[in-house]
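Novice: My request is simple: use the sequences and hints to build the entire structure.
4 protein chains.
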Amino acid sequence: MGKAMSMNLLRHGFKVTVWNRTLSKFVFLLCTALLSQYLEWNLEICVCDELVKHGASIGETPAAVVQKCKYTIAMLSDPAAALSVVFDKDGVLEQICNGKGYIDMSTVDADSSSKICEAITSRGGRFLEAPVSGSKKPAEDGQLVILAAGDKSLFDEILPAFDVLGKKSFFLGEVGNGAKMKLVVNMTMGSMMNAFSEGLTLAGRSGLNPQTLLDVLDLGAIANPMFKMKGPTMLQNNYSPAFPLKHQQKDMRLALALGDENAISMPVAAAANEAFKKARSMGLGDLDFSAVFETLKADGHSS
Amino acid sequence: MGKAMSMNLLRHGFKVTVWNRTLSKFVFLLCTALLSQYLEWNLEICVCDELVKHGASIGETPAAVVQKCKYTIAMLSDPAAALSVVFDKDGVLEQICNGKGYIDMSTVDADSSSKICEAITSRGGRFLEAPVSGSKKPAEDGQLVILAAGDKSLFDEILPAFDVLGKKSFFLGEVGNGAKMKLVVNMTMGSMMNAFSEGLTLAGRSGLNPQTLLDVLDLGAIANPMFKMKGPTMLQNNYSPAFPLKHQQKDMRLALALGDENAISMPVAAAANEAFKKARSMGLGDLDFSAVFETLKADGHSS
Amino acid sequence: MGKAMSMNLLRHGFKVTVWNRTLSKFVFLLCTALLSQYLEWNLEICVCDELVKHGASIGETPAAVVQKCKYTIAMLSDPAAALSVVFDKDGVLEQICNGKGYIDMSTVDADSSSKICEAITSRGGRFLEAPVSGSKKPAEDGQLVILAAGDKSLFDEILPAFDVLGKKSFFLGEVGNGAKMKLVVNMTMGSMMNAFSEGLTLAGRSGLNPQTLLDVLDLGAIANPMFKMKGPTMLQNNYSPAFPLKHQQKDMRLALALGDENAISMPVAAAANEAFKKARSMGLGDLDFSAVFETLKADGHSS
Amino acid sequence: MGKAMSMNLLRHGFKVTVWNRTLSKFVFLLCTALLSQYLEWNLEICVCDELVKHGASIGETPAAVVQKCKYTIAMLSDPAAALSVVFDKDGVLEQICNGKGYIDMSTVDADSSSKICEAITSRGGRFLEAPVSGSKKPAEDGQLVILAAGDKSLFDEILPAFDVLGKKSFFLGEVGNGAKMKLVVNMTMGSMMNAFSEGLTLAGRSGLNPQTLLDVLDLGAIANPMFKMKGPTMLQNNYSPAFPLKHQQKDMRLALALGDENAISMPVAAAANEAFKKARSMGLGDLDFSAVFETLKADGHSS
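So the protein lines, in turn, are chains A, B, C and D. So for the first sequence, our numbering puts the first residue at 1; every next one is plus one. So for the second sequence, our numbering puts the first residue at 1; every next one is plus one. So for the third sequence, our numbering puts the first residue at 1; every next one is plus one. So for the fourth sequence, our numbering puts the first residue at 1; every next one is plus one.
By construction, these hints were calculated from the structure, which means they are not laboratory data. Not one of these hints is a red herring.
Straight-line alpha carbon distances no greater than 27 Å define the calculated DSS-like cross-link-like pairs of lysine-lysine that follow:
| no. | chain 1 | residue 1 | chain 2 | residue 2 |
| --- | --- | --- | --- | --- |
| 1 | C | K297 | A | K250 |
| 2 | A | K228 | B | K167 |
| 3 | A | K152 | A | K68 |
| 4 | C | K167 | C | K15 |
| 5 | A | K137 | B | K228 |
| 6 | A | K250 | A | K137 |
| 7 | D | K152 | D | K68 |
| 8 | B | K136 | A | K228 |
| 9 | B | K228 | A | K168 |
| 10 | C | K137 | C | K15 |
| 11 | D | K137 | C | K228 |
| 12 | A | K250 | D | K115 |
| 13 | A | K297 | C | K297 |
| 14 | A | K152 | A | K115 |
| 15 | D | K136 | D | K15 |
| 16 | D | K168 | D | K15 |
| 17 | A | K297 | B | K250 |
| 18 | A | K228 | B | K168 |
| 19 | B | K228 | A | K136 |
| 20 | C | K168 | C | K152 |
| 21 | D | K115 | A | K115 |
| 22 | C | K250 | B | K250 |
| 23 | C | K168 | D | K228 |
| 24 | C | K89 | C | K70 |
| 25 | D | K250 | A | K250 |
| 26 | B | K68 | B | K152 |
| 27 | C | K115 | B | K250 |
| 28 | A | K228 | A | K137 |
| 29 | C | K136 | D | K228 |
| 30 | B | K168 | B | K250 |
| 31 | D | K168 | C | K228 |
| 32 | B | K297 | D | K297 |
| 33 | D | K250 | D | K168 |
| 34 | D | K167 | C | K228 |
| 35 | C | K228 | C | K136 |
| 36 | C | K15 | C | K89 |
| 37 | A | K115 | A | K68 |
| 38 | D | K15 | D | K70 |
| 39 | B | K228 | A | K228 |
| 40 | A | K250 | A | K136 |
Specialist: Printed below as a string of structure tokens:
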């Protein structure tokens, strides 16, 4: 995703410096504003000649990029990577200082986000968490939805870049709220995917054409892009991963934990979460989250 | 809904005769085709001067309407009413015969539908079940989705009327399939409403603005008309019934029973069904089905 | 079970006449009181020389047995059989009359029970439904628990026989209550079996010895005969049916339906019911209900 | 519980030194073996004249007790307390050394237990985790079930004390297994309590006498001490806490998390967990865990 985001920034005239953590697992995106309303962006993706060809320059380490840039954006695969890039040797902390902003667009739990925020701000930097809703395709199209929280002034300054990366940016208040909002959205999505899978299963096993169900759903009050996009591939047992099932299940687990903290009973999300766990026990964790559909198939002669 | 549907037919030049069963509980809509591709429609709604003003004529009894019309459409509130209008004195059966078609657009279980079908066809009539997806507003706008099953030739002939009443009509095969498809759609919708309610609750009680959640959802992969329409009213605790909760719960119960017949385990729908039952136990059965949101509110000081 | 019950009555000096409906599927047990406090019982089990050897005589048809006996007890496999024996040709109704009592100990739904009750009483007979808690072993040992409802005077008269068949008899009021009580008990049992299966699974997959879990459970506050009896066989994947899973699932379905009528949300029973349905979809319906344990096993490489 | 356990040890001739952490929140129990097969025990409960009267002596700090004793037993209210007593100033670590054993009988998560184990053993001490099954009454009666894991030689030496405190002691292997076994048992118990609550609710609202259900259950295959003990108080809405609901829910959460690690789907436990969360949201967290019964009551006029 980092690559797609960098390309969008380059295309819109931002100056970009890039750095990439490992071969392909992590994408680290660093940027800086050079002029009043223009931004210089820095971004590297491993063996990323393509980006360099389009005008990106390269930073040797996260620290090097932060030194060079006013604004640094991170897009990493998980909380461990997000923490490592900040706290490890040659990491962000070594160069962050007054006047610089750090924007973490990775999907990170609230605790890790708070830890990073504290470290950045204690050195005078400004921090914004800004996880996104949307995966590869929306990233390429600059159609992400950005859920930002933290330093409001930094949000306002970085908005021109957000406008290139996404179709809409929200400022949600204190650090942690971006992560929470993302969890709420993904929990709702995970329950819906189960509702959808159950509907498709019931249709098929009751003698209806599941393809017709897709057509009917698409005309009604619950028509939505996910049903439209995933329905046809699910009917073909095609689960090439846009959003891996184990990540979906992790988000449901974290959302349920957030509910637990606040004494919120969410029986439907809990049932959906168990279905995703069932899918994991069937070895489907690395497939697309729509593979939860497989948990509903009959594996014997019913009686 | 019968009234809105009759108005649409009248507006499009159909001749309509109407009859209405009781004061306002039931709406019975009867129609007939006079000419090759034109239809004469008959429809009465209690004290329905408005329809008459627009050109409808009146039938004294269901039997009278069937006698007068080639095609008769019923839109009744529940299976009991659907059966009564056919089998009771002065009912449809007294006049149905070779050359006449009977289309029941009520939402009726597969058993009742089969019983009606058998009675109609044993007297030489043709039968089509045609429940609709969509409630009051789509009915007024001629934007219903029609789920027809039964006599294919009758379906083909009545299509011009369906095209006025709805935006899309499906022919689903044997009688019972219309009812089943509707159950599958409504089950999926009921689970989604719970997923949505849980998301709104989690947002609100975790310190996020639920209104912002609505905005975020509306931009993402699970954006759908139901979230857009119901979200704002739910946040105002406004549950004036478009689709009563007790009917939604009934449909979930029937869908689960259909699954049971076919040995289909649907844990998310089952959890959603229990939430709707909880809402009924709270006295919310006559409110809109979105009132299931109320089951998630804290009723004490959490600990 | 009918055979075991007949043997117990014969052993205690009751006179018994027997009739059996089909090869081995149904057991029909008929009895009559000859003397003041002694009862004459009649019972047949197909090719049941053993019972005859122990003193039973044989009735040619249900009607024949009723004619001969003051008290007739039925123990049949399901509601359809229970209805057939009463209403079919040569059935109970042909001879039931004033002065005779009919006791149905089959497990029958409340509706069928009411129908039988009405037919019996409209001919002057007295009726008692008396389903039992306990299966083969308790039947042999005269350790059933009898859940009677209907005619109190008949209950009082038949008590000496109940005392031989069971360890305790309850009179629960109006007809239907026996069936309901049985459903409540079986629903609770079905949820418990799932709780137990989940515990065994969690132990085994978390590196604990499931056999030790059985030992620990047996010493604690939730120790119970079912865990003690089923635990060891479940760990051996031995599910020879004492109580078939499909019957357990049917009882959960009916219990949930009873709850639905009364707007009772029972989320744990609903989840347990879906697990039993999952087991049915895996082809385990004819095995013991403890086979629901199989639904929890990993069928792939977890991730 | 610590007090009851100390009394039992004193009664059986053990020498006991006691220390208590805070006014009454924590009970810390320390013991040491003086002679070959006799043990010297040390235990303090705040203002615990009663124990002193029965022969206990007093340790000023945890460190002081460890110094004095060969075997030290801790019984604390939660993981935080268990950690504090070991790691804080004047804590166990200051005096633990080769030749001494530390037995933590608190209910502690596997992580905290491992942390304590590592600290103790790195200083030459031996460690045993030994959470118990059973609450106040079994503690007084010496009828606890002890779930020990860790150092097998320490287990063997401390067994004479365990035999006084409990009716049965299990050695479960590596540290962490005691905590896991306890979670499995409590998860099973929590689901059963929900199954029981649903049964009682269904009985009462369907026109059966819930007290009769208790009698019927007590005679059948699922009869168990918990139903017998809790049933009557639940019917009186009496939930004075033997095991607080919030602790039961915490154990279900941890058990589900353990299942999540191992990709185990446990839908019934998940539904039960949500019911306990609902109870917390109703402000019932400090009552007995049987208060989950309250979540099932109708709070409106059902429809």
